[in-house]
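Build the full structure now, drawing on both the sequences and the hints.
Protein chains in written order, with this note's numbering: chain A, 1 to 149; chain B, 1 to 149.
It should be emphasised that the hints constitute simulated quantities derived from the structure, not laboratory data.
Treat each hint with caution, since some may be false.
Since copy identity is lost for identical chains, a pair holds within one copy or between any two.
Straight line, CA to CA, 20 Å or less: simulated SDA-like cross-link-like pairs of lysine to any residue [to be verified]:
1. 75 / 121
2. 75 / 28
3. 75 / 32
4. 75 / 61
5. 75 / 52
6. 75 / 132
7. 75 / 64
8. 75 / 41
Number of protein chains: 2
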Amino acid sequence: MQQQLAARLRQWGVRVTPQRLAIAEAVLNSSDHPSVQQIYERVRQHFPSMTLATIYSTLDVLEQSGLIQELPFQKVSRYEPNLDPHVNLVCVQCGDVVDAQQGHQAVVRLKNQVARDANFEIGWQRVDFYGCCRRCAAGQASQPATASQ
Amino acid sequence: MQQQLAARLRQWGVRVTPQRLAIAEAVLNSSDHPSVQQIYERVRQHFPSMTLATIYSTLDVLEQSGLIQELPFQKVSRYEPNLDPHVNLVCVQCGDVVDAQQGHQAVVRLKNQVARDANFEIGWQRVDFYGCCRRCAAGQASQPATASQ
DNA sequence: TTTACTGCAAAGGGTTTGCATGAGG
DNA sequence: CCTCATGCAAACCCTTTGCAGTAAA
Chain A
1 MQQQLAARLR
11 QWGVRVTPQR
21 LAIAEAVLNS
31 SDHPSVQQIY
41 ERVRQHFPSM
51 TLATIYSTLD
61 VLEQSGLIQE
71 LPFQKVSRYE
81 PNLDPHVNLV
91 CVQCGDVVDA
101 QQGHQAVVRL
111 KNQVARDANF
121 EIGWQRVDFY
131 GCCRRCAAGQ
141 ASQPATASQ
Chain B
1 MQQQLAARLR
11 QWGVRVTPQR
21 LAIAEAVLNS
31 SDHPSVQQIY
41 ERVRQHFPSM
51 TLATIYSTLD
61 VLEQSGLIQE
71 LPFQKVSRYE
81 PNLDPHVNLV
91 CVQCGDVVDA
101 QQGHQAVVRL
111 KNQVARDANF
121 EIGWQRVDFY
131 GCCRRCAAGQ
141 ASQPATASQ
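Here's what the structure looks like:
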């Protein structure tokens, strides 16, 4: 796991440090599309002296290495470890962002169709559906703090 | 045209001013997904004293009135007048963002499928395909200034 | 040993806010 | 007339940058 990761980074001429491995794992092992602040809070438990500058720098490296994708929202960016075609469900109430369990194939087909018909070389994609998650629809307004776009 | 627009704004209890009409038209009549700066430069020709604060304020109103959609990118946000399900083609070289001519129906179907299977009430969507447009692929590197995500 | 990453601090820049003036309804 | 929008300026905050010390290779 860390072996693969380290190899992939070195392959880009990037130096592998414990901090970078921790940041990479914090994003790659997540499913909640964490923000920089969230990554910071998680990694700081292991590296109390780490600063945001290191987080930003490392996230840039990871993105350029093709390991993660930045998802800019209105307030802050979030980070996506799943680069395969899929749909993100974004709750505008609580701010949660989760990968949909359905629609992967449909996104792949759509991508192929558009790439062919529009003659547009597609590198990657972002498919966001904005709405109200089950929990919030049920009235369980939890933490409207992180509310995204 | 302006009649409809004015009515729609008043219907939200929003005061209609010449500045707001100009900003609304600048976005609604555009197809290039302009940024705040671009809207500013276009509207300033008619209202030289207008400031960015008014642009931001009006764009908020237009978004809350359901007339436009903010598209956050890494550097700046752009604004989308087309709220119907569709695909945006984002060129990572020149930064152009255009609506794809294909795939509308596929996005509608995908939306319905996910809404049903995931039990997620979808309000609106954002479908971006990132890649290289025909012009840039042909080597005509034009203005790599606005390069988006 | 050489190179480049970390941590700290300061700067940058898009966006937001507060307030007095002025215009819409 | 009363309310709210405009314009101006300052504040905000996320993000970037510069630099000295330090760790990877």
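Violated hints, by number in ascending order, as checked against the structure: Hints 1 and 2 contradicted; others consistent.
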